[in-house]
Amino acid sequence: MQKTWIISIVMICAAVALLVNASADLTKYAGFEDAKKDQNIVKIAGTLRKDKEMNYDPEKNPNLFSFYLKDVNGVTEKVNLHAAKPQDFELSEQVVVTGKFENEAFEANEILLKCPSKYNDEEKMIKALSK
Numbered sequence: 012m013q014k015t016w017i018i019s020i021v022m023i024c025a026a027v028a029l030l031v032n033a034s035a036d037l038t039k040y041a042g043f044e045d046a047k048k049d050q051n052i053v054k055i056a057g058t059l060r061k062d063k064e065m066n067y068d069p070e071k072n073p074n075l076f077s078f079y080l081k082d083v084n085g086v087t088e089k090v091n092l093h094a095a096k097p098q099d100f101e102l103s104e105q106v107v108v109t110g111k112f113e114n115e116a117f118e119a120n121e122i123l124l125k126c127p128s129k130y131n132d133e134e135k136m137i138k139a140l141s142k
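Going by my numbering, the first residue of the sequence shown is number 12, and it counts up by one from there.
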């Protein structure tokens with residue numbers, strides 16, 4: 012009987028630890044305006060402003076990359092990513108950054124890129140040939 016109790020307690024502790032770990036990743040999505048008001052960590056989805064400057068100097072600071080992002084509400088803000096510049100960053104269609112607003116810029120510590128599919132060009136070529 013005591014063995015069953017010990018196993019039950021261990022299982023309950025493992026379940027609680029799993030729930031706490033899973034809830035830590037529940038970051039809400041917001042726009043730049045909401046992120047300015049809320050000083051918690053948020054995720055912002057948007058598109059890269061390719062017409063604005065991008066700064067990355069790996070010799071000076073390899074873990075700082077600055078760029079401009081336009082959120083889903085149409086607001087454009089500067090983003091400072093505290094990581095190396097992702098490969099093929101300029102090709103991304105959509106960008107999701109995780110972080111919070113500090114010092115007039117969005118300070119991001121994580122980034123997720125949606126790059127164009129390699130099949131897009133093939134689909135366009137097939138459609139053009141079928142006409």
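Please note that the accuracy of each hint is not assured.
Said to hold, decoys possible - Only pairs whose alpha carbons sit at most 25 angstroms apart, straight line, appear in this in silico SDA-like list of lysine to any residue:
1) Lys-71 / Glu-88
2) Lys-125 / Gly-42
3) Lys-63 / Thr-87
4) Lys-47 / Ala-26
5) Lys-48 / Lys-14
6) Lys-89 / Val-31
7) Lys-125 / Ala-26
8) Lys-81 / Val-31
9) Lys-47 / Leu-29
10) Lys-39 / Lys-14
11) Lys-47 / Lys-61
12) Lys-63 / Ala-26
13) Lys-47 / Met-65
14) Lys-39 / Gly-85
15) Lys-14 / Ala-33
16) Lys-48 / Pro-69
It should be emphasised that the hints constitute simulated quantities derived from the structure, not laboratory data.
Okay, the hints, checked on the actual structure:
no. : hint             : in the structure
1   : Lys-71 / Glu-88  : 23 angstroms, holds
2   : Lys-125 / Gly-42 : 18 angstroms, holds
3   : Lys-63 / Thr-87  : 10 angstroms, holds
4   : Lys-47 / Ala-26  : 35 angstroms, violated
5   : Lys-48 / Lys-14  : 52 angstroms, violated
6   : Lys-89 / Val-31  : 33 angstroms, violated
7   : Lys-125 / Ala-26 : 33 angstroms, violated
8   : Lys-81 / Val-31  : 33 angstroms, violated
9   : Lys-47 / Leu-29  : 31 angstroms, violated
10  : Lys-39 / Lys-14  : 42 angstroms, violated
11  : Lys-47 / Lys-61  : 23 angstroms, holds
12  : Lys-63 / Ala-26  : 47 angstroms, violated
13  : Lys-47 / Met-65  : 22 angstroms, holds
14  : Lys-39 / Gly-85  : 19 angstroms, holds
15  : Lys-14 / Ala-33  : 29 angstroms, violated
16  : Lys-48 / Pro-69  : 32 angstroms, violated
Checked against the numbered hints given earlier, this structure breaks hints 4, 5, 6, 7, 8, 9, 10, 12, 15 and 16; the rest are met.
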